[in-house]
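Asker: Taken in sequence, the protein lines are chains A and B. The opening position of the first sequence corresponds to residue 1 in our numbering, with each subsequent residue numbered one higher. The opening position of the second sequence corresponds to residue 235 in our numbering, with each subsequent residue numbered one higher.
One or more of the hints may lead you astray.
Cross-link-like lysine to any residue pairs, in silico, SDA-like; alpha carbons within 20 Å at most [said to hold, decoys possible]: (1) LYS196(A) <-> TYR66(A); (2) LYS298(B) <-> PRO406(B); (3) LYS196(A) <-> PHE321(B); (4) LYS196(A) <-> ILE326(B); (5) LYS196(A) <-> VAL63(A); (6) LYS196(A) <-> LEU407(B); (7) LYS196(A) <-> GLY329(B); (8) LYS196(A) <-> PRO406(B); (9) LYS196(A) <-> ASN332(B).
Derived CB-CB ranges, DEER-like [claimed, not checked]: (10) MET369(B) <-> ILE29(A): 39 to 45 Å; (11) ALA211(A) <-> THR331(B): 38 to 44 Å; (12) ALA216(A) <-> MET367(B): 32 to 38 Å; (13) ASP38(A) <-> PHE238(B): 55 to 61 Å; (14) MET235(B) <-> VAL37(A): 46 to 52 Å; (15) GLY371(B) <-> GLN145(A): 50 to 56 Å; (16) THR60(A) <-> ARG451(B): 38 to 44 Å; (17) ALA452(B) <-> ALA216(A): 18 to 24 Å.
The hints are simulated quantities; they were obtained by calculation from the structure and are not laboratory data. Here a beta-carbon is modelled for each residue, glycine too, at the ideal position from N, C-alpha and C.
Listed below, chain by chain, are the residues.
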Amino acid sequence: MSPLLAQVEIRDRSTDTCVSDNGLYPGWIADNFDRYVDPFFQHVLLTVVAVAIGFLIACTLAVIAYRRRWLINPVTQVTGVLYTIPSIAAFFLLLPITGRGFLTATVALVSYVLLIIFRNVLTGLDNVPDETKDAGRGMGLTDRQLLWRVELPLALPEIMAGLRIAITTTVGLATLAFFAGAGGLGEQIFADITFKSNVVTAGGLAVLLAAVLDGAVLLVQRAITPWTRAAASR
Amino acid sequence: MNDFLDAIEFIFDEHTSPAGGAQVGGLSNMWELTSEHLELSLVAMAIACAISIPLGLWLGHIGKGGFLAINASNVGRAVPSLALIAFFVAYIGVGFTNLTLALVLLAIPPILTNTYTGVRQVDRDAVDSARGMGMTGAQIVRRVELPLSLPLIFGGIRISAVNVIATATIAPLAGVVTLGDPIINVNTYGDEGRLAAAIVVALLAVATELVLGGVQRAVTPRGLKLEGGGRWRRLAFGMPNNRREAPT
């Protein structure tokens, strides 16, 4: 009995010092890694859902405003205010309306990315050279065909640049989503903010997620805009 | 809607803390929190400007370090502000100075990137004519490149200032009592205190954005306004410039 007890005691003390030292212990991280898995996937879900919804709304607004120019200023101003309101404040402003949880966090994150994507899609469309559009019209394309086959494809570099910025900022802001009761990696950071192993693991996962998602969008962009590489290598 | 009315009442009238004892809320308490919030943000912004504007001007002028200046923003965006502050708390400790340092790190990248981009966007002909008039490098920076890149520099300052004000909300985690205190210590201030703080933070951010937007318009040289119309304000996010050649 006694050797076992001694062993338990030693192990207990070692974990105790480890956590109370607040140090960086690879062993602790390896042993406790599973506590970061669920928050990580909550984080991924929050980011992807918010950016996807924001992308749909902002793209639609931009395409409409591209044809009806008077809409540009009001849409820019409204989305500009939403962009400016700090998301942590937005969570609590929404709380009385949408309650605690995923919905509140998503609404706040969506409202943040609208301006980024709207402005980039619109700039992308505006940057399509007139002669290219004229050529499309000359080939007999209707307005709708021109939009889908000429203007939107040529606007892809700006659109994808906006998407990348939206994704990396949303990963960062989603670390605050736990204030709205939506979990995520921020909850782990907040749970023990003085413990180095914890902060490095949770923060590192967030940075890693931002880098991976950013890289994924970049790969998609390369794949769907082959002509930009051809132009660059010339 | 009642929640919002309670929160607004909290801003103007003192309440007894739900935790018992102390009085919270009311204009003097809110002002105390707001002034600490502003002081922290201002100090951090001042230091960040003092570092990144000269650095960006210099790198832009000699046309080197573009990779660093442009990617600073990308890296900065990828590091969540909460993670940055937690990192400082865990490794350096709490307190006003440490937190200011963290906020300076947060504020530098957008200003640096925008200053660099601003200088590189200055019409090369303008720089050449300045040189032809016999201006020295320092004079070119001060009298040609700086004025012509001011709109973009202020664009960077705007982004950073709003971001710093937003992040100063989580300052209580590092032991600095800002407007984030009612948000993080909800037991002391109650739900209406938390909502009240959220309202004030939101107003503060929007006001900063409006004021700096006004300053940005005011410092834009008249020549640029005539030439570009709304071009400066409508730069796409993350695109080095706004013009593109026709694909061939």
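Asker: Of all the hints numbered above, which does this structure not satisfy? Sort the numbers upward.
Answerer: The structure conflicts with hints 1, 2, 5, 10, 11, 12, 13, 14, 16 and 17, although it agrees with all the remaining ones.
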